[in-house]
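Everything in the sequence shown is counted per numbering that gives the first Met the number 0, starting at 0 for the first residue and increasing by one.
Calculated directly from the structure, the hints in this document are not laboratory data.
From the three backbone atoms N, C-alpha and C, an ideal C-beta is built for every residue, glycine too.
Please note that a few of the clues may not be correct.
With beta-carbon atoms standing in for the labels, derived distance ranges [as the list claims (entries may be wrong)]:
hint : residue 1 : residue 2 : range
1    : 3         : 127       : 22 to 32 angstroms
2    : 133       : 75        : 12 to 22 angstroms
3    : 21        : 99        : 47 to 57 angstroms
4    : 101       : 63        : 44 to 54 angstroms
5    : 42        : 103       : 28 to 38 angstroms
6    : 142       : 70        : 19 to 29 angstroms
7    : 59        : 133       : 37 to 47 angstroms
8    : 34        : 115       : 10 to 20 angstroms
9    : 60        : 104       : 50 to 60 angstroms
10   : 133       : 22        : 32 to 42 angstroms
11   : 22        : 68        : 34 to 44 angstroms
12   : 103       : 3         : 46 to 56 angstroms
13   : 176       : 79        : 19 to 29 angstroms
14   : 136       : 34        : 30 to 40 angstroms
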Amino acid sequence: MSASFARRLLDWLRARDLELMGLGTLFFALVLGFFRIADRVQRGPLSIDERILMSLREPGDLAVGIGGEHFQGMVRDVTSLGSGTLTVLFTVGLLGYLLLTKRPAAALYVVIAVIGCWLLNDLLKDYFARARPTIVPHLMGASDPSFPSGHTMISATFYPTIAELFGRLIQRRRLRFYLLGLGVFVAALVGFTRIYLGVHYPSDVAAGLCLGFSWALLIGIVGRLLQRRGVVESRAEGEPLESPA
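Work out the full structure, taking the sequences as your base and the hints as a guide.
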C-alpha cells in the first residue's frame with residue numbers, strides 16, 4: 000500500500016463519522032444476536048438455560064436462591080429498577096427536568112425511547128408466547144409471556160438512553176463513558192436478577208439485552224444526527240451541566 004493511498008484513505012475516514020459508523024455496526028450486531036437467540040428458542044428448550052437456573056438455587060431446596068433470604072430481598076429490590084412503575088416515575092421526573100430547562104426535543108426523545116421499547120416488547124411477547132420457566136419455583140410473581148424479558152429490555156433501553164442524553168451535554172469524554180458504562184451495568188444487573196428470581200430463562204434476558212441496547216443505540220444515533228442539525232438541544236441556555244474546571 001503506497002503512502003499516498005494511505006493518506007487518502009485516512010482523509011476519507013476522517014471525513015466520515017467513525018463513531019457513528021461504529022455505533023451502527025454494533026446496532027446491527029445486536030439485532031443479529033437477537034434474531035439468532037430467537038431462532039434457537041423457537042426450536043426448543045436450551046439445556047444451558049436450565050443449568051444456569053439450577054445453579055442459582057440451593058441444592059437441597061430449589062425454592063431458595065443461593066445467598067439466602069437476605070440476598071433474595073436485595074435481588075428483589077434491584078429488579079424493581081426495571082419495573083414499569085419505577086420507569087414511569089423516573090421518566091416523568093426526567094421529563095419535568097427537561098421541560099423546565101427548555102429541552103422539549105430531548106423530552107420527546109425520551110418519550111419515544113421508552114414508549115417504543117414497551118410497545119416493541121409487548122408485540123414480541125405476544126408473538127413468541129414463550130411460557131415462564133417451571134424448572135425452579137419463582138421467587139416473585141410473574142404471569143405474562145417470558146420472551147424477551149421486559150424488565151431487562153426496558154432497563155437496557157432506559158438507562159443507557161439517559162446516560163447518552165446527559166453524555167451529550169458533557170464535554171469530558173471520560174465522564175461520558177462512565178455514565179454510559181453505568182447505564183449498561185444497571186441493565187445487566189437487572190437482567191441477572193430476573194434469572195436469579197426464576198421468572199426468566201437466561202436466553203430471555205440475553206434477547207432483552209440485545210434488543211434493548213440496540214433500540215437505545217438507534218435512538219442515540221438519531222439523537223446525535225438531530226443534535227448536529229440543531230433539532231435536539233445540546234445544552235440548556237445559560238446552564239452548563241458541568242463546571243469548566
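Original post:
Out of the numbered hints, which ones does the structure contradict?
Top reply: 1, 3, 5, 7
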